[in-house]
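Protein chains: 2
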Amino acid sequence: MTTSTATTKAAQARAKKSAPPQEGEVTTGPIYRSRKVYHEVTHTNTDGSTTTMRIPARAIELTTGEDFEVYDTSGIYTESDPTLDLKVGLPKLRDEWEKPAAAPASEEHPEIKVQTQLAWARAGIVTPEMTYIAHREGFDPEFVRREVASGRAVITANHNHPEIEPMIIGRNFAVKINANMGNSAVTSSIAEEVEKMVWATRWGADTIMDLSTGNDIHETREWILRNSPVPVGTVPIYQALEKVNGDPAELTWEIYRDTVIEQCEQGVDYMTIHAGVLLRYVPLAAERVTGIVSRGGSIMAAWCLKEHRESFLYTQFEELCDILAKYDVTFSLGDGLRPGSIADANDEAQLSELKTLGELTRIARSRGAQVMIEGPGHIPMHKIPVNVEWEEDWCDGAPFYTLGPLATDIAPGYDHITSAIGAAIIGQAGTAMLCYVTPKEHLGLPNRDDVKVGVITYKIAAHAADLGKGHPKAQERDDALSKARFEFRWHDQFALALDPDTALDYHDETLPAEPAKTAHFCSMCGPKFCSMKISQDVREYARENGLTSVEAIEAGMAEKSREFSEAGDRLYLPITQTN
Amino acid sequence: MTTSTATTKAAQARAKKSAPPQEGEVTTGPIYRSRKVYHEVTHTNTDGSTTTMRIPARAIELTTGEDFEVYDTSGIYTESDPTLDLKVGLPKLRDEWEKPAAAPASEEHPEIKVQTQLAWARAGIVTPEMTYIAHREGFDPEFVRREVASGRAVITANHNHPEIEPMIIGRNFAVKINANMGNSAVTSSIAEEVEKMVWATRWGADTIMDLSTGNDIHETREWILRNSPVPVGTVPIYQALEKVNGDPAELTWEIYRDTVIEQCEQGVDYMTIHAGVLLRYVPLAAERVTGIVSRGGSIMAAWCLKEHRESFLYTQFEELCDILAKYDVTFSLGDGLRPGSIADANDEAQLSELKTLGELTRIARSRGAQVMIEGPGHIPMHKIPVNVEWEEDWCDGAPFYTLGPLATDIAPGYDHITSAIGAAIIGQAGTAMLCYVTPKEHLGLPNRDDVKVGVITYKIAAHAADLGKGHPKAQERDDALSKARFEFRWHDQFALALDPDTALDYHDETLPAEPAKTAHFCSMCGPKFCSMKISQDVREYARENGLTSVEAIEAGMAEKSREFSEAGDRLYLPITQTN
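For the record, the sequence lines run as chains U and F.
In this text, residue positions in the first sequence follow full-length UniProt numbering: the first is 1, and each later residue adds one.
In this text, residue positions in the second sequence follow full-length UniProt numbering: the first is 1, and each later residue adds one.
Simulated from the structure, these hints should not be mistaken for lab results.
Note that beta-carbon positions come from the ideal geometry of N, C-alpha and C, so glycine has one too.
Keep in mind that the hints are not guaranteed to be accurate.
Claimed, not checked - Across the chosen pairs, the derived CB separations fall in these ranges:
id, chain 1, residue 1, chain 2, residue 2, range
1, U, E476, F, E540, 53 to 59 Å
2, U, D347, F, V386, 27 to 33 Å
3, U, E348, F, L351, 40 to 46 Å
4, F, L351, U, R146, 49 to 55 Å
5, U, A102, F, V386, 50 to 56 Å
6, U, I323, F, G65, 50 to 56 Å
7, F, E476, U, D85, 34 to 40 Å
8, F, T64, U, R362, 43 to 49 Å
9, U, K92, F, A513, 42 to 48 Å
Put together the whole structure using the sequences plus the hints.
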């Protein structure tokens with residue numbers, strides 16, 4: 001069952017491109033020629049009662065009269081007339097859902113009882129989140145449960161973040177993408193900070209990470225959490241370091257722990273924790289071409305050297321597990337020693353840390369906490385796929401979450417592209433989530449356009465990987481767009497594109513008039529040379545004359561060739577006759 | 001031996017970004033912080049005499065006082081003060097070189113004597129072009145000869161195009177890229193047409209293809225040929241079709257042959273010829289999602305259906321071989337039936353044609369002509385590498401020259417990126433040359449910025465492939481740039497980038513002042529959080545204290561940790577102290 005928010009006025013709004021928001025507001029309204037739809041799905045609770053959930057999707061309205069539905073991360077912001085109050089935040093939809101009783105953390109620790117998706121999955125419980133995800137991605141709910149139970153997939157959903165639309169990260173699901181954001185130096189308004197999240201999710205970010213620094217970390221995060229329809233990740237060490245005025249020597253377990261609890265309470269869904277930076281690994285990184293490039297990793301390395309002992313992230317790891325499991329916050333075990341250059345790829349520092357992350361994965365899971373593993377970085381193409389093999393082998397199949405990787409170091413200004421190459425390859429090999437890279441990587445802070453380019457580029461990499469993995473539904477959108485292209489349905493081609501606004505702009509630069517959008521040719525070749533047009537005529541002629549098999553051709557219908565010749569002028573209609 | 005054109009004034013010019021040319025001129029002058037250098041190399045002719053050749057390179061001037069040299073396709077245009085006369089064209093440097101006597105075409109046809117790089121290589125002759133290429137790419141001249149003799153590499157150098165700086169296309173050399181260009185609808189000047197070529201080669205295009213249509217094809221091509229330092233390719237069927245007013249029914253062998261001879265005489269270095277579109281393959285393409293997307297392919301398919309016989313390209317192929325061999329023009333056997341969508345990838349139409357191209361390769365080589373094979377198109381990642389296997393197997397290892405391929409259809413406006421993913425993968429698998437795709441693909445005609453983005457994107461794909469193939473010198477540039485990055489040599493990082501101007505612009509958007517270009521941090525994290533800075537301090541501290549091995553660390557130098565703690569404030573210099 002589909003409920004639509006479409007109205008005539010809304011349909012007009014949908015035909016428009018995304019405009020920047022007014023001051024004090026965020027970007028709202030449908031994407032070009034689309035409308036928000038919700039599918040109602042019934043979930044059966046553990047007590048036999050039922051809950052009705054509304055699963056969002058974006059329906060692209062084709063000129064054929066059909067809808068083409070796509071996965072939609074943008075929340076209510078892309079409804080045609082959403083009711084928003086940024087200070088209150090989004091409706092807390094998960095508060096209405098069942099939260100099953102605590103279940104045993106694991107076979108090793110049956111005495112620990114937790115309320116996490118992992119523990120529930122292991123106990124055979126299909127949660128509302130699993131039902132939601134199953135319908136959202138087109139899988140069976142029981143399949144979702146098994147993937148979570150095995151640890152091959154995680155559902156990043158803090159109990160204290162009821163606003164999110166649940167999603168799943170795992171190698172057997174669609175590849176997801178993350179967009180990073182930080183606060184502005186001078187924060188002018190709640191809308192300005194929330195807009196970054198709204199803009200990134202509008203174009204397809206599946207999660208966002210808030211990497212804010214400075215004085216307003218807590219407040220900025222609160223704004224983002226309350227208004228985000230997607231899971232939010234953080235790196236708690238950044239805030240902990242702010243609390244000690246930026247001096248890692250002053251960092252303590254207590255300060256860090258309290259920061260983690262503060263963020264858990266607020267509703268952060270996953271946290272990057274660099275617990276695998278061991279003291280003995282630091283010298284392995286010292287002589288690298290680019291040393292340690294992870295901020296969290298370098299902070300912990302400095303702390304370890306100073307203290308000359310293992311970091312509190314490692315020594316207090318079990319306590320950390322119990323804190324995160326209490327809220328069902330997912331570990332994103334950070335790769336503090338990831339390579340920052342082609343020269344350092346797959347070196348001993350990187351691999352040593354990955355093995356340690358494997359040990360930590362087993363500890364966390366035994367205590368009922370969900371885990372994903374962060375990965376590189378900068379890796380040349382031929383060294384990429386083995387990274388996934390190692391990660392799956394050493395970390396018991398935990399979802400891999402990689403930053404690119406960049407396939408070369410030589411193109412600052414284009415690192416969304418150098419990394420999209422690596423991201424597509426590592427995604428095809430099994431990486432579950434790709435952290436985006438913008439054109440400003442290594443050079444500066446991304447602006448609004450850079451964020452969009454980064455997101456779209458990573459949607460491309462993720463989708464190419466889905467195709468390459470044979471994800472059952474992935475090719476449907478390619479086929480729909482290519483069919484529209486061949487049939488000269490220009491508006492449908494734009495609407496089915498990952499970025500309709502840019503496709504439309506580029507087309508209109510050369511052929512702006514509306515008739516050109518129904519023309520049976522385009523500006524590249526013009527009407528005389530259009531291969532698609534010729535090809536359609538060939539198909540039509542072949543069908544009419546039974547020349548649709550090699551056999552028919554070889555039978556040699558010479559008379560047919562004369563007819564085709566006589567009809568030949570049909571191939572090259574002058575431009576004025578084609579609209 | 002290196003001769004430099006550097007002067008103080010020139011050095012100042014080199015520090016500047018590329019400015020658009022004045023009307024009637026083309027873009028000249030060095031790329032940011034670079035100067036043109038020439039290496040003098042002595043070639044020994046067949047009679048024992050010698051010829052001195054000047055091999056161009058771009059020397060990037062680092063702030064360390066060292067030069068870093070890179071392969072340079074830009075001709076004299078990037079000298080600091082080149083003498084140009086676009087009407088006369090470039091110096092005809094190859095006219096001074098030896099052109100050895102005709103050699104037997106092959107073992108099958110020893111009676112045919114030709115002057116082609118293939119025949120000479122088979123006869124054991126190292127030509128001046130081979131010596132030139134060997135020095136340009138860092139190989140032994142004898143290795144170059146063997147690769148050409150085997151047909152695994154081609155040297156696209158028409159005897160009538162003496163202006164070019166010879167280059168090689170083959171799987172065991174650096175992956176090359178091609179940029180397509182066409183004439184403007186209203187051609188205003190010679191400079192405007194030549195500028196497109198100058199601009200594309202400035203950023204790294206190894207060859208260009210002139211795909212002009214309309215009335216001024218011959219004149220436009222003449223301007224480009226006389227001024228191009230790189231090989232020029234064409235698709236002669238376009239001009240032949242213009243001669244019959246766009247009606248393929250009127251095409252004849254004679255018209256086509258005369259067009260080919262006209263272009264050979266002018267100096268075209270390689271020609272796309274769609275001789276593999278056989279009549280019986282046409283129905284294989286009729287029911288595809290996107291039919292026939294190659295212009296040349298669709299023209300020949302229409303002709304075959306109309307005539308109900310094989311095309312003159314196929315039936316007259318031997319005569320075509322003898323024409324091309326006379327000038328040493330290289331065949332680029334076109335894939336008229338390449339897939340135009342993910343749905344059509346690796347289908348029977350595509351593969352049938354590829355097998356026929358293999359037959360034609362053997363015929364051409366037996367008559368002494370050089371051959372490369374064009375490839376797709378649109379292919380999902382998991383179906384890409386097998387394309388190279390088939391091509392090398394069926395076409396006896398002839399160099400593969402692919403258009404992308406695009407790894408998904410769903411991102412018009414970003415097809416430089418969808419195709420860079422495919423191009424990097426197919427390049428790593430052995431493709432010798434990649435035809436660029438610009439952001440305007442499928443939507444409109446590329447402008448100056450689009451051409452640059454397309455070229456840089458394909459330089460990235462080609463370089464990623466070189467790294468992935470283990471090309472001996474490829475990683476040197478990555479290492480040089482990463483080292484500059486780690487050492488906060490910002491100007492060197494920009495200068496070593498594929499596009500210094502854009503890297504500089506992006507950096508300056510956030511931190512424009514000159515001191516920021518020597519600062520030991522950047523705008524992404526600021527001075528407090530800079531991982532590179534912390535990492536350098538860790539390295540320095542570890543070195544000073546002998547903590548450079550796991551053993552030393554584990555020996556537990558507790559006193560060292562106290563010292564590091566005392567020196568700890570060195571990690572976080574306030575912003576004012578770092579310049």
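Results of checking the hints against the structure:
At about 55 Å, the beta-carbon gap between E476(U) and E540(F) stays in the expected band of 53 to 59 Å. Range check, D347(U) to V386(F): Cβ separation about 32 Å, and the 27 to 33 Å hint holds. The supplied range of 40 to 46 Å is met by E348(U) and L351(F), whose beta-carbon atoms lie about 45 Å from each other. Separated by about 39 Å at the C-beta atoms, L351(F) and R146(U) break the suggested range of 49 to 55 Å.
Range check, A102(U) to V386(F): Cβ separation about 51 Å, and the 50 to 56 Å hint holds. For the pair I323(U) and G65(F), the supplied restraint of 50 to 56 Å holds, since their beta-carbon distance comes to about 54 Å. Separation of E476(F) from D85(U) is about 57 Å and departs from the stated range, judged on CB atoms against 34 to 40 Å. The beta-carbon spacing between T64(F) and R362(U), approximately 47 Å, falls within the hinted interval of 43 to 49 Å.
Between K92(U) and A513(F) the beta carbon distance is about 47 Å. The supplied range of 42 to 48 Å therefore holds.
When the structure is compared with the earlier hints, violations turn up for hints 4, 7 and for no others.
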